[in-house]
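Keeping their order, the protein sequence lines are chains A and B. In terms of UniProt numbering, the first sequence opens at residue 1 and continues consecutively. In terms of UniProt numbering, the second sequence opens at residue 1 and continues consecutively.
In short, the hints are calculated from the structure, not lab data. This structure is a prediction, so every number in the text was calculated from the model and none was measured. Please note that a few of the clues may not be correct.
Stated by the list, open to error - Okay, derived cross-link-like pairs now, DSBU-like style, lysine-lysine, Cα gap no bigger than 30 Å in a straight line:
no.: 1; chain 1: B; residue 1: K141; chain 2: A; residue 2: K22
no.: 2; chain 1: B; residue 1: K141; chain 2: A; residue 2: K162
no.: 3; chain 1: B; residue 1: K87; chain 2: B; residue 2: K67
no.: 4; chain 1: B; residue 1: K130; chain 2: B; residue 2: K146
no.: 5; chain 1: B; residue 1: K224; chain 2: A; residue 2: K178
no.: 6; chain 1: A; residue 1: K33; chain 2: A; residue 2: K323
no.: 7; chain 1: B; residue 1: K130; chain 2: A; residue 2: K22
no.: 8; chain 1: B; residue 1: K141; chain 2: B; residue 2: K182
no.: 9; chain 1: A; residue 1: K162; chain 2: B; residue 2: K182
no.: 10; chain 1: A; residue 1: K178; chain 2: B; residue 2: K87
no.: 11; chain 1: B; residue 1: K224; chain 2: A; residue 2: K150
no.: 12; chain 1: B; residue 1: K130; chain 2: B; residue 2: K43
no.: 13; chain 1: B; residue 1: K146; chain 2: A; residue 2: K178
Spelled out, the chains give:
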Amino acid sequence: MEHHQERSDHRSQDLPQVLVIKPPPVLTLFEDKFISSKFQLLKAWESTLPLDQFLTNYAGSVRAVLCSGASPITADIIRLLPSLQLVITASAGVNHIDLTECRRLGIAVTNAAGVFSDDGADAAVGLLIDVLRKVSAADRYVRNGLWPAKGDYALGSKLGGKRVGVVGLGGFGSAVAKRLEAFGCTVLYNSRTQKPSVPYPFYSTVLELAADSDSLIICCGLTAETRHMINREVLLVLGKQGVIVNIARGAIINEKEMVECLVRGEIGGAGLDVFENEPNVPEELFGLDNVVLSPHRVVFTPESFVAASELVVGNLEAFFSNKPLLSPVIYE
Amino acid sequence: MESIGVLMVCPMNSYLEHELEKRFNLFRFWTVPEKSAFLATNKNSIRAVVGNSSAGADAELIEVLPKLEIVASFSVGLDKIDLAKCKEKGIRVTNTPDVLTDDVADLAIGLMLAVLRKLCESDRYVRSGKWKKGDYRLTTKFTGKKVGIIGLGRIGMAVAKRAEAFSCPISYYSRTEKPEIKYKYYPGVVELAANCDILVVACSLTEETLHIINREVIDALGPKGVLINVGRGPHVDEPELVSALVERRLGGAGLDVFEHEPEVPEELFGLDNVVLLPHVGSGTVETRQAMADLVIGNLEAHFLNRPLLTPVV
Chain A
1 MEHHQERSDH RSQDLPQVLV IKPPPVLTLF EDKFISSKFQ LLKAWESTLP LDQFLTNYAG
61 SVRAVLCSGA SPITADIIRL LPSLQLVITA SAGVNHIDLT ECRRLGIAVT NAAGVFSDDG
121 ADAAVGLLID VLRKVSAADR YVRNGLWPAK GDYALGSKLG GKRVGVVGLG GFGSAVAKRL
181 EAFGCTVLYN SRTQKPSVPY PFYSTVLELA ADSDSLIICC GLTAETRHMI NREVLLVLGK
241 QGVIVNIARG AIINEKEMVE CLVRGEIGGA GLDVFENEPN VPEELFGLDN VVLSPHRVVF
301 TPESFVAASE LVVGNLEAFF SNKPLLSPVI YE
Chain B
1 MESIGVLMVC PMNSYLEHEL EKRFNLFRFW TVPEKSAFLA TNKNSIRAVV GNSSAGADAE
61 LIEVLPKLEI VASFSVGLDK IDLAKCKEKG IRVTNTPDVL TDDVADLAIG LMLAVLRKLC
121 ESDRYVRSGK WKKGDYRLTT KFTGKKVGII GLGRIGMAVA KRAEAFSCPI SYYSRTEKPE
181 IKYKYYPGVV ELAANCDILV VACSLTEETL HIINREVIDA LGPKGVLINV GRGPHVDEPE
241 LVSALVERRL GGAGLDVFEH EPEVPEELFG LDNVVLLPHV GSGTVETRQA MADLVIGNLE
301 AHFLNRPLLT PVV
């Protein structure tokens with residue numbers, strides 16, 4: 001990969017540095033968006049030194065770090081960054097950041113909430129339609145020449161009138177709900193707290209939501225509380241016709257139990273963009289026609305990535321100008 | 001009514017067959033080896049024909065059935081029925097509108113999302129076992145894309161309503177402008193194609209709309225445009241479409257229907273910017289049952305001298 005150190009070297013050496021341990025996808029694909037007059041990037045991944053040594057040698061005065069899922073900000077990392085005041089992620093999710101430690105040390109955190117909601121919601125609805133109407137499976141059927149050979153494809157299930165439970169009614173969940181209404185679905189939801197201004201029925205537990213839903217769409221963040229929240233019990237109650245769509249984080253679902261339920265026909269199908277141990281996907285899923293698989297890219301569009309880049313740079317420039325951050329994560 | 005002969009022209013739904021058998025003397029045309037002989041023998045007892053999107057009642061069939069009173073189609077499309085001949089002979093015709101509108105519209109949106117967001121291609125990629133970290137591929141955003149609809153009937157309106165929830169600006173072409181509709185009207189298909197990102201065929205197939213998607217329209221839609229066909233295969237000049245897709249002069253296509261079903265041009269099988277479906281627009285358990293009930297209901301109403309439920313002629 002081309003070395004961009006020259007570009008940042010020949011500009012002012014006084015520019016504050018933003019540490020990047022491993023580049024997030026937005027930086028890899030849109031590096032030119034990250035050129036700023038207010039900061040320069042300190043690219044740890046380009047060094048051959050072990051990380052802790054690199055940080056000790058070069059990151060002592062670093063006040064900001066741009067992280068990603070591939071380079072989590074743990075308490076150990078924070079300890080090696082004595083001047084750290086800001087953690088920025090180019091994702092909506094913040095599960096790779098030790099928020100407790102950041103809060104304890106007064107380190108601000110910003111994410112890219114909002115810019116991914118439309119694309120994430122579009123793909124969630126697309127995956128739900130795909131599973132219910134067997135779009136990918138039927139496309140495979142046609143491409144394998146089976147339509148003339150074996151006749152009409154199996155019938156799917158109607159989306160209209162389905163009760164769809166949205167887990168997490170933040171940016172993604174609200175965008176999903178708005179779209180589903182246009183298809184004549186009844187939207188139900190669960191989230192940490194009930195939202196009074198929202199017209200959808202609230203369920204205080206995921207189990208109760210699943211019991212009353214035909215499909216579940218997972219849109220919440222991954223936290224200690226939501227880890228493995230969707231387990232065998234929830235899936236069984238969702239039922240044999242039930243469909244689950246996950247665009248959030250793989251670990252929200254107990255993957256082993258979900259795979260068992262799918263293989264045994266205890267739930268109707270799944271649309272999955274995320275997995276517990278990406279890029280590893282349980283091979284049992286490859287033989288199932290009622291599952292649609294996606295390689296963690298439901299938010300990967302040029303528009304989302306450009307908007308995320310601009311938000312990251314906007315937050316960094318605000319920080320280095322002592323102005324209010326654009327998208328701070330508010331601790332609860 | 002058990003003596004009333006009902007000729008079902010092709011297999012379509014076992015629930016429908018079962019229910020028709022309970023009420024009528026059902027003939028399964030596709031199981032008959034010598035069709036002319038069969039018709040000669042049974043023509044005087046056949047008073048109804050049940051067809052679908054693949055086969056219906058053309059002039060030839062109508063002529064050899066002197067006692068034919070009603071053609072009930074297990075579809076909303078009427079392109080396989082010689083309507084003029086039916087009118088001329090006083091033969092009633094029914095179809096299955098409304099009950100399948102939602103499913104077809106849902107599938108149209110599903111195709112748009114599958115094509116733009118490469119859902120089928122993603123699924124193939126993951127199943128191949130080739131997914132590795134750092135493999136970033138961007139797909140095309142759907143929200144906000146301009147959707148142009150050909151035919152703003154029940155299905156066209158349902159597509160529009162759904163696309164609006166994705167903030168898609170809607171425009172349309174139809175035989176006449178509908179002043180009460182707030183969407184932008186274009187008086188020609190080429191103009192519509194030039195001004196939208198995604199073009200949806202949702203009109204009925206008639207002599208006027210045959211090959212309504214031709215080279216000129218495809219060129220106007222362009223290398224970033226996407227065609228969605230949930231109408232009928234013959235709406236599209238298929239060889240033109242195939243070469244445009246292979247040569248990347250057209251951005252992509254989501255196709256539920258083809259000119260010579262179940263044959264699908266094999267040149268399309270290797271493309272990642274198309275989604276190919278085996279005519280499943282109304283293909284859900286719920287909707288096919290509702291369609292079957294309408295066919296049965298129409299036939300019963302006719303033979304009991306009651307008003308037809310969904311008459312066309």
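Taking the hints in turn, this is what the structure says about them:
no. : hint              : result
1   : B/K141 <-> A/K22  : holds, 26 Å
2   : B/K141 <-> A/K162 : holds, 26 Å
3   : B/K87 <-> B/K67   : holds, 15 Å
4   : B/K130 <-> B/K146 : violated, 34 Å
5   : B/K224 <-> A/K178 : holds, 27 Å
6   : A/K33 <-> A/K323  : holds, 20 Å
7   : B/K130 <-> A/K22  : holds, 22 Å
8   : B/K141 <-> B/K182 : holds, 25 Å
9   : A/K162 <-> B/K182 : holds, 29 Å
10  : A/K178 <-> B/K87  : violated, 46 Å
11  : B/K224 <-> A/K150 : violated, 34 Å
12  : B/K130 <-> B/K43  : violated, 60 Å
13  : B/K146 <-> A/K178 : holds, 19 Å
Violated hints, listed in ascending order, are 4, 10, 11 and 12; each of the other numbered hints is respected by the structure.
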